[in-house]
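Protein sequence lines, in the order shown, are assigned to chains X and H. Under the working numbering, think of the first position of the first sequence as 1, with each following residue one higher. Under the working numbering, think of the first position of the second sequence as 1, with each following residue one higher.
Note that these hints are calculated values from the structure, not bench results. Incorrect hints may have been included.
Unchecked claim - Below, computed lysine-lysine pairings styled on DSSO-like, alpha-carbon distance capped at 30 Å:
{"hint": "1", "chain 1": "X", "residue 1": "K99", "chain 2": "X", "residue 2": "K31"}
{"hint": "2", "chain 1": "X", "residue 1": "K99", "chain 2": "X", "residue 2": "K112"}
{"hint": "3", "chain 1": "H", "residue 1": "K382", "chain 2": "H", "residue 2": "K441"}
{"hint": "4", "chain 1": "H", "residue 1": "K210", "chain 2": "X", "residue 2": "K99"}
{"hint": "5", "chain 1": "H", "residue 1": "K167", "chain 2": "X", "residue 2": "K31"}
{"hint": "6", "chain 1": "H", "residue 1": "K210", "chain 2": "X", "residue 2": "K52"}
{"hint": "7", "chain 1": "H", "residue 1": "K167", "chain 2": "X", "residue 2": "K112"}
{"hint": "8", "chain 1": "H", "residue 1": "K441", "chain 2": "H", "residue 2": "K167"}
{"hint": "9", "chain 1": "X", "residue 1": "K112", "chain 2": "X", "residue 2": "K52"}
Unchecked claim - With beta-carbon atoms standing in for the labels, derived distance ranges:
{"hint": "10", "chain 1": "H", "residue 1": "I417", "chain 2": "X", "residue 2": "V85", "range": "45 to 55 Å"}
{"hint": "11", "chain 1": "X", "residue 1": "N70", "chain 2": "H", "residue 2": "Y478", "range": "50 to 60 Å"}
{"hint": "12", "chain 1": "X", "residue 1": "I96", "chain 2": "H", "residue 2": "P462", "range": "31 to 41 Å"}
{"hint": "13", "chain 1": "H", "residue 1": "G70", "chain 2": "X", "residue 2": "H74", "range": "14 to 24 Å"}
Treat the numbers as computed from the prediction; the structure is a model and nothing was measured. Cβ atoms here follow ideal geometry from the backbone N, Cα and C, with glycine treated the same way.
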Amino acid sequence: MVVFDLYNYWVFILLMMIGLYTVIASPNLVKKIIGLSVLQTAIFLFLISLSKVSGGTVPITGPSAELYSNPLPHALVLTAIVVSVSTMAVALAIIINIKLTYGTIEDDEIRKTEGH
Amino acid sequence: MIDNQLPALIVATPLAASLLMPIFRSAEKPWVLSLLTTWAVFGMTVLLLLQLSDRSQSPDGRAVISYAIGNWMIPWGIELRIDRLNGFVLLVIAMISAIVTFYARLSVAQAVPQHRIPFFYSVWLLFITGLLGVAVSGDIFNVYVMIEISALASYTLVAMGQHENPKALLGSINYLVLGTIGASFFLIGVGYLYSVTGTLNMADLAERLKPLHGNRALITAFAFILVGLSVKMALFPLHGWLPDAHGYAPPIVSALLSGVAIKVAAYVMIRLVFSLLGMEFSFSILPTGPVIWVLSSLAIVIGSYTAIQQTSLKRLLAYSSVAQIGYIAMGLSLANENGLTGSLVHVFNHALMKSGLFLVAGIVSYRLGAADLELMAGLGRKMPFTMSALVAGGLGLIGVPLTSGFVSKWYLVSGAIDRGAMPLALVILLGSILAVMYIWKVLEIVYFRPSLDSARAVTEAPWSLVLPAWILIGASLYFGVDASLPSGLAEHAARFLLEQS
Chain X
1 MVVFDLYNYW VFILLMMIGL YTVIASPNLV KKIIGLSVLQ TAIFLFLISL SKVSGGTVPI
61 TGPSAELYSN PLPHALVLTA IVVSVSTMAV ALAIIINIKL TYGTIEDDEI RKTEGH
Chain H
1 MIDNQLPALI VATPLAASLL MPIFRSAEKP WVLSLLTTWA VFGMTVLLLL QLSDRSQSPD
61 GRAVISYAIG NWMIPWGIEL RIDRLNGFVL LVIAMISAIV TFYARLSVAQ AVPQHRIPFF
121 YSVWLLFITG LLGVAVSGDI FNVYVMIEIS ALASYTLVAM GQHENPKALL GSINYLVLGT
181 IGASFFLIGV GYLYSVTGTL NMADLAERLK PLHGNRALIT AFAFILVGLS VKMALFPLHG
241 WLPDAHGYAP PIVSALLSGV AIKVAAYVMI RLVFSLLGME FSFSILPTGP VIWVLSSLAI
301 VIGSYTAIQQ TSLKRLLAYS SVAQIGYIAM GLSLANENGL TGSLVHVFNH ALMKSGLFLV
361 AGIVSYRLGA ADLELMAGLG RKMPFTMSAL VAGGLGLIGV PLTSGFVSKW YLVSGAIDRG
421 AMPLALVILL GSILAVMYIW KVLEIVYFRP SLDSARAVTE APWSLVLPAW ILIGASLYFG
481 VDASLPSGLA EHAARFLLEQ S
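Next comes chain H alone, as it looks inside the complex (with noise of 0.2 Å):
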């Protein structure tokens, strides 16, 4: 039966795709090629999740998809797995790049030579078979692997932003350096945990883990993987190479980075501290919570006050992604229901928006050739859709109630409050002021100031650019109002993880 094989076409088909598209000449094919990958992907996924909540209402319960790739017998065999919380972020990057690919055709013909199209559609299909691999993966060296499928797809999408800057070659091989060293620290852990245990399989490992703990080869490989899974998600202070990459790629790839890859990082991390190591290993014998409850709060505040200072639409929204990171790894590291769920919650949402914004953003630099604040003046009145998406976005990463912001932000600051930190909920708010500020600056100059000379004949873009960034933005709001499909999935997921810990 073919619904059986799921798992595994959910990353063969992109894959498949990925390598046809150099047999194409035109610029069109490879688009509506990926159009119909990307939607299949998505229809898959949402098929595979029904498949899971079928198998939770089964008597055993047990809401797992364990998928044997060559029926070769699991432990030993690579193992595709999906439960409650890769399939949460299986949705995320299925939706995402379904919309992100329908915006990709006028967008990518502007920043990429025509003669290369074929080629950047076919290493956008790499990436995206990379960020699924990840996911749905059961086998830590598979998703070491299919990291670095993403990560060195993701190095190439970002220097094609060269015809439009040539800052984003700089940017990427910035971003290539750090993500490699990230990736080899990774690795080292991968060979730690394998020299103590002799499994790869993630759930066989957390099995053989439970008796180590306290092992000193176990400790260095969970510094090891953590280390390396933070320069991967850029988070404080391993974030230098984020600005740089997500500003200067094209707008599409940069939608795709900011809202998709960094999250994915952060799912492996949270993968690795609660289902691998398990809650005790890593907040009570180590301190990973303090660790990660300073450099997120220095993540919040250092990034939305980076942000403040940009002058450039995708720059500032890069750095505002730095902080949304912070949010994410502060909900993880509070290590309980809310907390989780408010992280899990944030994944989900700060995808639908960051996403929408670097489309919105992609748009100005349609119409304008750049994505300079300066240029952006008196925008508000000649592209009142497009402006209208980008308030709507910034008023939700702001977190303002009836935005999906607010809820995310809600779980945070519960969880924070259940852990009896205090100044966490303190950051929390100080990043939503900030936040303020740094959208506050954005919505001055479209809407209050007057248009340049130069923006004279600017009018509104077509729909096929406008529809998808409000189809994200849209969204978001929606799940702002009625939150309880994100918000459900992802309190299962975290009430999931904390019972298998």
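Excised from the complex, chain X in its bound form (with noise of 0.2 Å):
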């Protein structure tokens, strides 16, 4: 079945469902940062695929190494990890910060003190 050697980006449309529905659904903003985080890992999936040549090797040129992954996405993947990592600082930062002046992280209950 063509439908089943393609699973890494099924896997990876899941994983980026699950994390975009996270965001929607839940009124908890550290949850909500979850699902950003679950919706990020995802594209680091679908990027990573990308690279993956069947029967090849890490990509160090030699003599033996004729058929080799592509490095340049692991690159990416790198450099987007770190962007991933400092939006969730961030965003814990601000978190902490709404927790000290709400006293909650549930955003429904925010929006009832900011009279919504």
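Dock chain one against chain two, each of which comes alone in its own frame, and use the hints as you go.
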């Protein structure tokens, strides 16, 4: 079945949807951030999948390495992980301040106190 | 020679200065260093643009400056590439950030606690670094990283508004969640582009994508990137984060966010639609035009209408930005010379006007503690210089003749007529009428209502706040009368884009 041969892409789509759903559905700010993290991880999986070459070795050129995986997506993902981690750090710092100010991290309760 | 290194120095200078900031303890030195840095960047940008115009007179006539980072061979290494389009954007970023930083000293001292001021300027310069990085980069993954650097810095800067209004924190986290989703979509699109072409260099991509038109992976990539950038530039209906973020951030942050940051996302969209994918793919194979026509029309009408109902000056200006982004998006979707010129001229003019108006809002909250419209009753007599800047900027937003807003709307309406799209021309005029209403609402309160008892002792703000606001607004008036500089640059950029695609 050709559909199952591409299972890594199905996992990417599934993880991405789980992430997006969590961001939208959860009123808890920390859970929203977890959802974002899942979404970004799904994208890393997608990028890594792109670089896979069947039967390829590590990308070290030499006499024995004729078929090797593409190293560039790995470099992209490393950079994207740094971006993702920084996003988490900033988000958690803001959430700590929200907790100190409003005493809760539930979106609906904050809206109630703000009178929206 | 140092002038060969200008493209890299423009990004490296504010980055290095940003990292130096935490060694300071006082509030003054970080400001002085930021001011020197932003003016140095402005100077280098002007030098770079002069180099660019020298190149265009050279025999081969190619007005492109290419810089290979670390001397890695292009297209494998990262390229910085300055052409007429991003040279123009670079000028807007450098100019606005230099003037706004001049204003920052008193405003930041009031909005941010003393011990955090060095960190504020550190993040401020990082934000500017990211914006400049997006503009100079010729590598699409590098664009993603730079967008995220500027975005992460801006989330932090918005959250610093918490000392004036705790709602800034909610605006910031909301902006962070939506901004990150937008950036993630952009990254997925970049992944698809890489998977079909095997390159990330934008000039190289443009070449390799030409034979691939109609490829389904390419269409997916385009859709993801377009949606991601629409979030970043707050194109209706993805503008939900903008009013809270721009409305509650410290005034100078709002000035740069509304004046420059959303325009940079618009620039990336123009780059994608015209240079990278080409007009044929974007407008003939895919119905990008009609989709953006509808969305930008709704942005103009609904953004302006919501602005009328606001009770705070900064939120009113934020909703007005949603409408103005509609004009910029409409201009690019017209895909002809007048429309695209109008879009680019409006990037320039709106950056001047809206940054100036946010600085005025900052002056009001510097004197009154908040920029609520009710508190501003009768301020016209107490702060004549500040409030006349508000009038002049407001007239520009409406698009009254002899203001620069008129110049951009002139190009946009001509573009719409060239395209045979009369409804769009009418939407632009309707947007101006709605703008009259929200600007009049402010002016009526400022000039015709008796002042409140609480505002008895209010006097004109210090000149170091009024002057930068007037420089920006005055420049927008000047370019309304003599539009040759921005229109000339924008027309060159538009022609360059249309020839290329």
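Here is what the structure says about each hint:
1. Taken as a hint, the K99/X and K31/X pair is honoured in the structure, with Cα atoms around 14 Å apart against an allowance of 30 Å.
2. Taking the CA atoms of K99/X and K112/X, the gap is about 15 Å. The hint holds against a cut of 30 Å.
3. The straight-line distance between the Cα atoms of K382/H and K441/H is roughly 19 Å, inside the 30 Å bound, and the hint therefore holds.
4. Under the criterion of a C-alpha separation no larger than 30 Å, the hint pairing K210/H with K99/X is inconsistent with the structure, at around 51 Å.
5. Simply put, K167/H and K31/X have alpha-carbon atoms about 20 Å apart, close enough for the 30 Å limit, and the pair holds.
6. Proximity of K210/H to K52/X is assessed by CA-CA distance (about 26 Å); at most 30 Å being required, the pair is judged to hold.
7. About 13 Å separates the Cα atoms of K167/H and K112/X, which keeps this hinted pair within 30 Å; it holds.
8. Between K441/H and K167/H the CA atoms are separated by roughly 25 Å; this keeps the pair inside 30 Å, and the hint holds.
9. Our distance criterion of 30 Å between C-alpha atoms is broken by K112/X and K52/X, whose separation comes to about 49 Å.
10. For the pair I417/H and V85/X, the beta carbons lie near 50 Å from each other, so the given range of 45 to 55 Å is met.
11. For the hinted restraint 50 to 60 Å between N70/X and Y478/H, the CB-CB distance of approximately 53 Å keeps it satisfied.
12. With their beta carbons about 35 Å apart, I96/X and P462/H fall inside the hinted range of 31 to 41 Å.
13. Between G70/H and H74/X the CB atoms are about 19 Å apart, so this pair conforms to the stated range of 14 to 24 Å.
Consistency note: the structure conflicts with the earlier hints numbered 4, 9.
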